[in-house]
Structures are given as C-alpha cells and as structure tokens.
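Assemble the whole structure, with the sequences as input and the hints as a guide.
These protein sequence lines map, in sequence, to chains C and H. All you need for the numbering used here is the position in the first sequence, starting with 1, plus 486. All you need for the numbering used here is the position in the second sequence, starting with 1, plus 486.
No lab work stands behind these hints: they were computed from the structure. Any given hint could be a false lead.
Stated by the list, open to error - Here are the simulated PhoX-like pairs of lysine-lysine, each with C-alpha atoms no more than 20 Å apart in a straight line:
id, chain 1, residue 1, chain 2, residue 2
1, H, Lys931, C, Lys931
2, H, Lys705, C, Lys649
3, H, Lys705, H, Lys760
4, C, Lys705, H, Lys649
What the hints assert, rightly or not - Only some residues are given here: those of chain C computed to face chain H with a beta carbon under 7 Å:
id, residue
5, Asp668
6, Lys675
7, Ala682
8, Ser692
9, Gly870
10, Ser905
11, Leu920
12, Ala921
13, Glu925
Think of the CB as a built atom: it goes at the ideal place given N, C-alpha and C, for glycine as much as any other residue.
Chain by chain, the residues:
Number of protein chains: 2
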Amino acid sequence: MNNPSSYNKLTPDLIARLAEIVGPKNILVDEGKENYARDESPLATTAMPEAVVKPQDARQIAAVLKLADRNLIPVTPRGAGTGLTAGSLPVLGGITLSLERLNKILEIDLANFSATAEAGVTLNDLCQAIEEKGLYFPLYPGEKSAFIGGNAATNAGGMRAVKYGVTRNLVLGLEVVLPSGDIIRTGGKYFKCSTAYDLTQLIVGSEGTLAVITEVTVKLISPPPNREILFIPFNSLSEAIGCVPAILREGILPVGIEFMEEGILRMVEQFTGKEIPMLGYCAYLMLILESESYDDFCKLAERISGICLKLGAADIFVPNSESAKRNLLEAREKFQPTFKHNGMLETIDAVVPRSRIADFVQKVKEIGQKYGIRIMASGHAGDGNVHLHPLGTEANVPALKDLLTDIYKAAIEMGGTLSGEHGLGFDKKKYLPLAASPEKIELMKRIKRAFDPHNILNPGKVFPD
Amino acid sequence: MNNPSSYNKLTPDLIARLAEIVGPKNILVDEGKENYARDESPLATTAMPEAVVKPQDARQIAAVLKLADRNLIPVTPRGAGTGLTAGSLPVLGGITLSLERLNKILEIDLANFSATAEAGVTLNDLCQAIEEKGLYFPLYPGEKSAFIGGNAATNAGGMRAVKYGVTRNLVLGLEVVLPSGDIIRTGGKYFKCSTAYDLTQLIVGSEGTLAVITEVTVKLISPPPNREILFIPFNSLSEAIGCVPAILREGILPVGIEFMEEGILRMVEQFTGKEIPMLGYCAYLMLILESESYDDFCKLAERISGICLKLGAADIFVPNSESAKRNLLEAREKFQPTFKHNGMLETIDAVVPRSRIADFVQKVKEIGQKYGIRIMASGHAGDGNVHLHPLGTEANVPALKDLLTDIYKAAIEMGGTLSGEHGLGFDKKKYLPLAASPEKIELMKRIKRAFDPHNILNPGKVFPD
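Next up, the structure:
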C-alpha cells in the first residue's frame with residue numbers, strides 16, 4: 487500500500503521522545519535488538535528494527551502510535567515471536583512494539599466464565615491461572631509460549647477446534663489502540679451482541695495491521711472431567727478421512743481429529759527416540775475425546791470403533807495409561823521440530839472442506855513429485871486444516887514459490903483457502919490474490935485505511951503490495 | 487452520515503431502468519408497496535418506499551445497486567420483514583430491495599456439515615430441508631418465518647445460544663453484493679481461516695448497511711437425540727440467576743436457560759387460555775437440555791435439581807409428556823404476542839454479564855417506577871440477554887426515550903450493551919452513543935464508507951446521524 491520510501495527513519499529526537507514515553511530502559515536502539523529480528527518463520531526471514539520499544543500499558547502505546555503516525559514511522563506489534571510467517575518483523579523498518587511488559591492477568595470471573603488478560607500474557611500462564619481457579623480455557627494451538635494477544639492477532643487454531651473452535655470463537659472482547667492513539671474497547675463479558683459492527687471479530691485475525699491489541703477477554707468453560715485418545719491405523723488416507731463425517735453424524739463431537747501419514751510417525755520416532763505404537767500402516771487418525779467419565783469414554787470408543795472398522799480401519803489402539811496417552815500427544819506435538827530437523831523448507835497450513843482432505847493430499851503429492859520435493863502431510867481432519875511440510879535442501883528453495891502456488895491453487899479449487907491458523911504475515915502475503923478477488927482485496931485495503939490512514943501499523947504484511 | 491436532502495428521488499427513467507433489470511412484474515411503484523412499509527417494530531414505525539424491487543439473483547442486485555449508487559438513490563434491503571427495529575424500512579426513501587425471490591436452497595452438504603441457501607429462504611424451510619437430510623441447524627431465534635439473510639444481517643440469537651451460539655457462530659460464508667456492484671464471496675465450507683480480514687464476521691450483524699447478503703453458508707450439526715425441559719420455580723429472581731453459573735460449573739451445558747417472572751406467565755396463561763404449571767412463585771428458570779438418551783437426561787436432571795434445590799429452588803417440574811413439553815415451550819414463544827396484546831410499548835433486548843441479570847432487572851423495575859411504567863422482564867439467563875417489555879398506553883409514549891436511556895445506561899454500567907439480538911435499526915440508533923465512544927462510532931463510520939462511499943445502502947440506520 488505504501489512503499490518503503492514514503493516512510494521516515496527514526497531520528498535521535500524521535501528516539502528521545504520514545505524513551506520519554508516508555509522510560510529509557512525500555513527502548514533498545516543498539517544491543518539486544520537482534521532478539522527481535524526474527525520469528526519462527528521456516529524461511530528464516532529477518533528484519534532489524536530501528537528501535538524496539540517496550541511500553542507498559544495502552545496509554546503508552548497510544549503515545550507511541552500517535553508519535554509514529556505523525557512522523558510516518560512504521561510500527562510493528564510483536565508478541566512472543568512464535569509466529570510462522572514473519573508477521574511480527576519490521577520489514578519496512580521503524581519501531582518494533584513489543585507487548586512483553588503487558589503481562590498481567592487482570593481478572594478471572596468465575597460467575598461469568600471469562601478471563602481478561604493483557605496482550606503479553608503467555609497462553610501457558612493464562613491457562614494455568616484459569617485452571618487454578620477451577621475453570622478451563624480450551625485454546626490449544628500447540629505453542630503455549632505464545633502471547634494471548636498474538637493468538638488473537640493471528641486467530642490461532644490448533645488441535646481442539648472441532649469442539650471448541652478457534653481463537654475468534656473464544657474471544658469476547660478486546661481493548662485496542664488505533665494508530666490515531668484512540669483507545670477502544672470492543673465486546674464484553676457477554677455472548678450475544680447486535681450493537682453495530684463487530685469490531686472484535688474484525689480485529690481478531692487482522693495480524694496487527696488494524697490496531698494494537700492490548701487486552702483480551704476470553705470465554706471459559708468448566709474443565710472436561712475425562713480426556714482420552716483413540717489412535718486408529720488405516721491402509722489408505724481416504725479411508726481415514728472418510729470416517730470423519732461418519733463419526734460426526736453419529737452425534738459424536740471429538741475435541742480434535744488429527745490425521746497423519748506413517749512417514750511422519752517414523753520420522754518422529756527417529757527424532758525423539760520414543761516408540762510409537764501401531765506403525766506399519768499407511769495413515770492414522772488420532773481422536774481426542776472428552777467425556778463425563780471413563781465409562782462414558784468406553785461407550786464412545788466402542789461406537790467409534792464400530793464405525794471405523796466398518797469403513798476400513800485396520801485396528802483400534804487405546805493407550806492404556808497416562809504415559810501412553812502422553813507419548814502419543816507428545817509425538818503429535820513434535821511434528822514441527824521433527825520437520826525442522828529433517829530439512830523443512832516451509833510450513834503450509836492450507837484449508838479445504840474436510841471431505842476433500844484425501845483428494846487434496848493426493849494432489850499435493852503429485853505437485854511435490856513435479857518439483858522433486860518430498861511433502862509430508864498431517865493436520866486437523868475435523869476442520870479441514872491440512873499441514874504440509876516440503877522437505878529438502880537449499881537447492882529446492884528456488885522452486886518453493888511455484889510449489890506453494892500450485893498447492894494453494896489446488897486448495898482453492900477444492901473450495902478451500904490459504905491459511906487456517908498461521909496467517910499470511912510477510913512470507914505468505916504474495917499468495918493472497920490466489921484466494922481473494924481484486925475487488926475483495928481492494929475492499930480490505932479500504933478497511934485497513936479506515937483504521938490506519940497513513941499505513942503505519944505493521945506495513946508490508948497481509949497485502950501483497 | 488448523509489442527510490435526506492443529499493439523495494435523489496426515483497425518476498420515471500430510473501424506474502424504467504430498474505424494471506428492465508428485474509422485469510416489469512418485479513417492481514412495485516404504486517399498489518402493493520404498503521406491504522413493505524413496516525416491520526414488527528413495536529413503535530409501529532412506517533416508511534413508504536418509492537419503489538419495491540424484487541431481483542432474482544446477485545447479478546440483478548449488482549445492477550440495481552450500481553444504478554442506485556450512481557444516481558444517489560437509497561437502497562434498503564428487506565428480508566421477511568420480521569425485524570423489531572424498523573431496520574428494513576426505507577426511512578430516507580428510495581428503493582426497498584426485497585430478497586423474497588432469492589428463495590432457493592442451493593446445497594445441503596452431508597460430508598461437510600454445511601448448507602448453502604439464498605438469502606430469501608425462510609429459516610423454517612431451511613431447517614426442514616436440513617432435517618429431512620438427517621442433519622440439523624440449531625439456530626432458533628423464535629421467529630422461523632424470518633429469512634436466513636435477515637438472521638445473518640441482524641446476527642439473530644434466540645433460545646439455543648448457550649450451547650450453539652448466535653447466527654455469527656453458525657455462518658461459515660457469504661455471498662454479498664457491494665454498492666459498487668461487485669459480487670464478493672467470503673469464507674467457505676471450512677471452520678478455520680486466517681487469511682486476511684474476516685469479512686463474513688464483519689458483515690454478519692451489520693444490518694444491511696455494508697453489503698446486500700445474497701447467499702449464506704451455515705454450519706450444521708447432527709440432530710440431538712433427546713431434548714427435554716426442566717421448569718424450576720424460585721422465590722426470588724436472584725436465586726434463580728444464581729443457579730446459572732453453578733450449573734455451568736458442573737460441566738453441564740444446557741441448550742438454553744431462560745428466566746421469566748411469574749407476572750409474564752399469568753399474562754400468557756390468560757392470553758392463550760392454556761394452563762401453565764407451577765404458578766405462584768416469583769421467578770422461574772426453564773432449562774432446555776439435550777442428551778444422548780432419556781436415561782442420560784434423568785441423570786442430568788438429578789444433578790441440576792440437586793444444585794438448584796440447594797441454591798433456593800422451590801420445586802422442580804419435569805413435563806412428563808411431549809404435549810406438556812410443547813405447552814411450556816409454546817408459552818415461552820408466546821411472550822411477544824402476549825405483550826403486544828397487553829400494550830407493549832417497546833421491546834428491549836439489552837445485555838449484561840449474566841451474573842448481573844438479577845441486579846439489572848431490579849434496577850429496571852426501579853426505573854419503571856420512576857416513569858410510572860410497568861416493565862416485564864424475561865430472557866436468556868445463560869447468555870445475559872434480557873428482554874424488557876414496558877407496558878402502557880399512548881400516554882406513556884413520550885416518556886419512552888428517557889426510560890430506555892436510563893435502562894441502557896444501567897446495562898452499560900454493569901458491563902453490558904444495547905442489543906443482544908434485535909439490532910439497532912432505525913428505532914434504537916439514537917442510543918448507540920451510550921454504548922460506543924465517539925472515536926468508536928467514527929471508526930465504524932469509516933468502515934461503512936469503505937464499503938459504501940456514497941452511503942446509499944440502508945442509510946439512516948445503526949448510526950444516530
């Protein structure tokens with residue numbers, strides 16, 4: 487939208503004024519900045535901020551944004567830096583606005599089943615504090631060191647979305663700061679609202695391009711009494727995927743339904759040194775089930791086994807101890823580091839309607855063959871979010887853009903889209919035109935301008951230009 | 487935003503061009519227009535369109551909008567006209583765009599648990615078609631003759647929101663037409679998306695002010711096997727409300743938790759001539775419960791009874807036949823016509839955090855006394871959406887605005903907002919500044935302009951000026 491040359495550089499005077507706002511020890515202009523120059527992007531994208539600014543609250547953020555807006559300095563909000571798309575890197579220079587000091591849990595409201603936390607609280611700390619009070623926050627994107635503000639900014643998803651939805655379904659309200667310096671509250675501790683536009687839902691998933699999220703109010707549930715796992719091998723991925731609607735049509739709502747190919751499990755076994763049961767089949771479903779009691783789980787397991795065995799399951803594995811359960815879940819959590827260890831070139835989190843997962847993975851394998859790149863597939867069978875990991879070496883990097891373009895085109899042709907939970911950030915923004923018409927992108931840019939007329943907030947992200 | 491004088495009137499030439507677009511028999515400029523001049527607004531607001539235009543599809547709508555946009559003619563989209571806030575009335579003149587001919591159910595996708603319908607399909611027809619295919623759409627705002635497009639436009643809620651959420655939680659995607667004539671698709675048959683801004687969620691609840699919804703894709707579930715009711719009398723409303731978090735903390739998730747005062751039930755009994763059980767107490771909870779089997783319901787009922795009796799319930803009533811169940815649900819559905827019959831002056835659907843419902847109702851009674859107006863309270867105890875019905879005569883009308891202002895101020899002070907499910911439309915727009923800061927309203931207006939730069943789409947709604 488803006489090009490780099492239209493921004494100004496931070497002058498010593500502006501740096502002094504920033505230091506005045508946040509306190510001199512909360513601004514980095516030299517040493518320490520390098521810790522803010524990258525995230526977990528598999529492309530290893532880096533960008534050095536001119537200054538890292540660590541405000542303490544929304545008022546300080548408002549002052550920083552006002553100053554930056556008047557002086558045309560880019561401001562890039564940053565959470566814990568666990569993003570996968572370079573979304574929190576200052577690719578056009580300027581200020582990196584770290585939310586790390588906004589780390590207070592403000593309220594856990596037992597009567598209204600809600601919690602309110604500053605944006606820089608880690609998901610881990612938030613969940614723990616909530617559980618200590620006897621309630622439960624079901625969001626589980628895998629990376630619990632992420633900040634809750636970052637979860638909201640990217641609309642993080644994860645392994646419990648079939649039953650509990652993604653971040654957007656769990657956020658009730660926000661406090662945000664606009665580039666103008668206005669502090670705005672959206673939503674509240676209620677579940678129904680038809681009072682003008684839903685700014686909460688617009689800002690969730692906007693990747694820090696519309697406003698800086700400073701506070702998040704989330705919906706809690708009562709803790710699930712019993713959680714068990716079923717691990718089901720199949721001789722083909724399409725048989726595995728075919729079981730998903732059949733299970734759901736029986737009125738069974740698992741917390742998560744993960745699918746994975748055997749190749750991945752072998753890699754994880756090798757990487758972690760921990761044995762994984764039932765190897766030797768083509769594909770697997772891992773069902774995470776909640777129930778009132780172990781007895782109830784057994785009944786559920788029986789019904790699910792009946793369905794799956796009828797539709798081609800080769801066997802049914804029920805881990806029979808807490809450690810066996812833990813092992814399986816940990817194997818799933820280790821996919822990302824395992825791929826990294828094995829030369830992961832990129833992480834793709836495309837989405838297709840869930841009935842198309844098997845077709846899509848088949849198509850992706852063909853695309854991989856075309857480019858001579860091995861692609862591992864796993865993901866969330868319950869919600870159609872497919873994770874693809876092209877593996878290779880430096881030599882494969884030049885082909886990546888075409889490979890991803892082909893993969894995304896295939897997903898979109900099947901009625902899907904680019905990203906289910908990681909966002910576009912910087913690394914994936916070039917693919918947006920595959921998923922959105924020029925008119926739709928123009929509309930989104932007009933919305934962006936409604937929030938941020940001078941395009942100072944996380945510029946160079948989401949939109950390809 | 488615009489004032490009436492900045493719009494043009496429909497000329498004979500423009501009417502001829504509209505007739506060309508939709509066909510001469512699908513435009514009303516004289517007789518029949520009066521059927522489109524009001525909705526169910528208790529204030530009996532009316533506004534006569536200059537022309538009623540009945541397009542057949544999104545392409546015709548695009549042509550109508552383009553023409554109107556170029557000629558500065560207001561266009562007011564209209565569903566079934568069941569709204570309660572005059573939101574579908576052409577208060578600044580121009581075209582009423584009736585969606586009634588977009589009445590096709592396009593797909594019920596059993597594998598992906600989704601249905602896609604044109605905007606003018608009634609909720610009733612949609613639910614029936616889905617149930618015939620063995621799946622289920624849980625939205626239940628009470629008025630099943632509403633169009634699904636209208637449900638989306640107002641973010642309709644209703645009695646099953648505790649478990650299933652409101653319309654916004656059930657909409658997966660939209661086809662919409664912008665004032666520019668661009669036809670845009672948002673979302674799709676998937677449950678996870680982090681691919682730029684969520685236009686679906688922004689347009690849902692925007693009351694036809696941003697775009698004309700032409701197609702809605704919704705999320706389905708498998709049909710609940712068993713549905714039962716518990717009807718629980720209390721000697722005070724605060725005891726009744728106090729049970730709600732206690733039930734939820736036990737991990738019990740009713741489909742709906744309704745509260746009502748005895749006065750309402752007496753009125754309904756008189757109005758319908760059908761006996762209501764358990765009269766003689768101060769307040770009631772009606773719990774709608776789904777379970778796998780009747781046995782499971784009995785276990786649930788026992789747990790809930792234990793909680794409620796401990797917290798002050800006077801008794802527990804379990805309707806012991808289908809007709810007894812039906813009677814109770816029908817009594818609840820008859821609140822609106824009963825109030826109408828008894829001199830309802832307005833319908834208020836304010837929201838407070840659910841722990842504050844009893845305080846809020848108490849405060850509302852005091853406000854009613856101040857103005858000498860009797861106010862009946864009922865609503866959705868599970869989600870904090872409180873329905874208030876001031877009853878009276880013509881003589882009470884002048885006090886209404888101040889009464890509502892006081893009520894809304896009380897709701898907002900308690901952390902709530904103006905409308906949970908009806909929207910603001912025309913009748914309630916003047917109260918928006920109570921709930922939203924000037925900066926927030928300005929931001930929303932800029933979003934409105936991003937969609938509709940000439941303010942032709944449902945002007946005179948939502949925003950007070």
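Inset, instruction - Would you list, in rising numerical order, the hints stated earlier that this structure does not obey? - result: 3, 11
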